[in-house]
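My request is simple: use the sequences and hints to build the entire structure.
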Amino acid sequence: MRPDDAEDADDAQDTAAAEAALAVAARHALHDEELVVAFATGSLDEENEIERARSLVDRCTACRELHADIAVIGTAVRMDARGTMAAPRDFRLTVEDARRLGGPVSNHSFLATLRRSMRSVAPQLGASMAAIGVVGLLVGSVALRGGAASAPMSAQSGPSDSTGAPGALTGAGETGPKASDRSAELGPLATDLDRESQRPGAIDSATVDANPAIWLLGGSVALLIAGIVLLVIAFRRGRT
Amino acid sequence: MEDLRATAVTDDPVQRRDLILLERAREGDLAAFNDLVVVYQDMLFALVVRMVPDRDSASDAVQEAFFSAYRNMAGFRGGSVKSWLSRIAINAAMDAQRLKKRRPADPYPELEDDNWQPPADASADPLTTALTAERHRTLNHALGLITNDQRAAIVLYDVEGFDYAEIADMTSVSVGTVKSRIHRGRLALRALLLDRMDMFRG
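Keeping their order, the protein sequence lines are chains F and A.
Residue 32 in the numbering used here sits at position 32 of the first sequence, and the numbers go up by one each step.
Numbers given in the numbering used here equal positions in the second sequence, counted from 1, plus 1000.
None of these hints come from the bench; they were simulated from the model.
Hints may contain errors.
Here are some chain F residues the structure puts well away from chain A; computed CB gaps all over 10 Å [said to hold, decoys possible]:
| # | residue |
| --- | --- |
| 1 | A6 |
| 2 | A25 |
| 3 | E51 |
| 4 | R52 |
| 5 | R54 |
| 6 | G74 |
| 7 | D80 |
| 8 | A122 |
| 9 | V142 |
| 10 | N211 |
| 11 | A226 |
| 12 | L231 |
| 13 | I233 |
Footprint (simulated), chain F over chain A, 3 or more residues, beta carbon under 8 Å [unchecked claim]:
| # | region |
| --- | --- |
| 14 | 1012-1020 |
| 15 | 1029-1043 |
| 16 | 1064-1070 |
| 17 | 1085-1094 |
| 18 | 1126-1140 |
| 19 | 1144-1152 |
| 20 | 1176-1188 |
Just so you know, even glycine gets a beta-carbon here, dropped at the ideal spot from N, CA and C.
Structural data, given as structure tokens:
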């Protein structure tokens, strides 16, 4: 073969290849590239669209290349995202920033911390207070019953002991002379009061004030109520 | 004030932690809000710097996003705190882009990505590391050339892993528009990277 013939053959081959490429490009120009991209991205839902895209990728070289390239670009972007890119500075807000922005911070941080810590201990605190209240109620009522039982006994022993009964009830040894002073000051009224105080089971107001069982009972009831309230609040917050 | 724990029953510990922190912040605990900032500042910066390829502008946008989040905490209506913060950051990034557009004489510089570190891989040799860095530069350059909307959609979908519905919600457009932006953005990226595709295929 002469060199000119070889050149002609090469030219013919190039022309044929160019024409083929042109034909492919011309055919591809009519294809829906976005459909192929959606197929490569995996975002097609309808079966007929998936089928159309698959058919394009199968039949058209340019669509096949596009499909492959889009998949590669997607992977590259995702891989690139795995690299870390640290923030160049700290973006935390200062108290001045918070104040300037009119946020809820201002001076409430302490209250918020207090409220939060109260909330975290509320169930335990409530249960403890309620338990102590119940125990206090039991102890108080036993003590009160004991005190009430001893009062009639003291009153009954009064007539046989001229100084014992009033002294036992009022809790003072020198009641006798005091009663006499009161008789002198109040006359018949004092006698009535003294008689009332000597009645079996009667407890005068001074005795009530001094009786620790009453205080214990009152305190226990208050503790029990406070504990129950705390428990209810904690329970309601827990449910929300 | 609405109790955030009631807004979303979630088994996701991250989500639960975020809601607790946000609720505390809403009660006035600045430290709790700053805990959220620490958790999300790298992620938001990585998101914004891909949309605003200028580190200073991206930093400013992220800071503005956290300011805005703090200002609007009371408006949070439950759901994902991460999505909520991302939405705010995207808006801040778009504001920054609009600002740049108004000043065309001051275009974005090439993204200075000295701060970017390739994923840790024990088997990576220096050649692979250099190739990864080159891919990153090329890809970011191309990302900087597509439209803002397309870039935001691609970054949110491919980089941050949000689904179409979440992106639609964040960018206030329909799911169809999000899909279209992603598809057209990828087509545009392919056109820009066509003569360098071998680098990515390898």
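Hint-by-hint comparison with the structure:
1. A6: holds, 32 Å
2. A25: holds, 14 Å
3. E51: holds, 18 Å
4. R52: Holds, since 15 Å exceeds 10 Å.
5. R54: The claim stands: R54/F keeps its Cβ more than 10 Å from every Cβ of chain A (closest is about 17 Å).
6. G74: Since the minimum Cβ distance to chain A is about 6 Å, G74/F lies within 10 Å and the statement is violated.
7. D80: violated, 5 Å
8. A122: holds, 15 Å
9. V142: Per Cβ check, V142/F is outside 10 Å of chain A; nearest 44 Å; holds.
10. N211: holds, 46 Å
11. A226: holds, 24 Å
12. L231: holds, 19 Å
13. I233: I233/F is indeed farther than 10 Å from all Cβ atoms of chain A, at 13 Å.
14. 1012-1020: violated (count 0)
15. 1029-1043: holds (count 9)
16. 1064-1070: holds (count 3)
17. 1085-1094: violated (count 0)
18. 1126-1140: holds (count 5)
19. 1144-1152: Check failed, 0 qualifying residues.
20. 1176-1188: holds (count 7)
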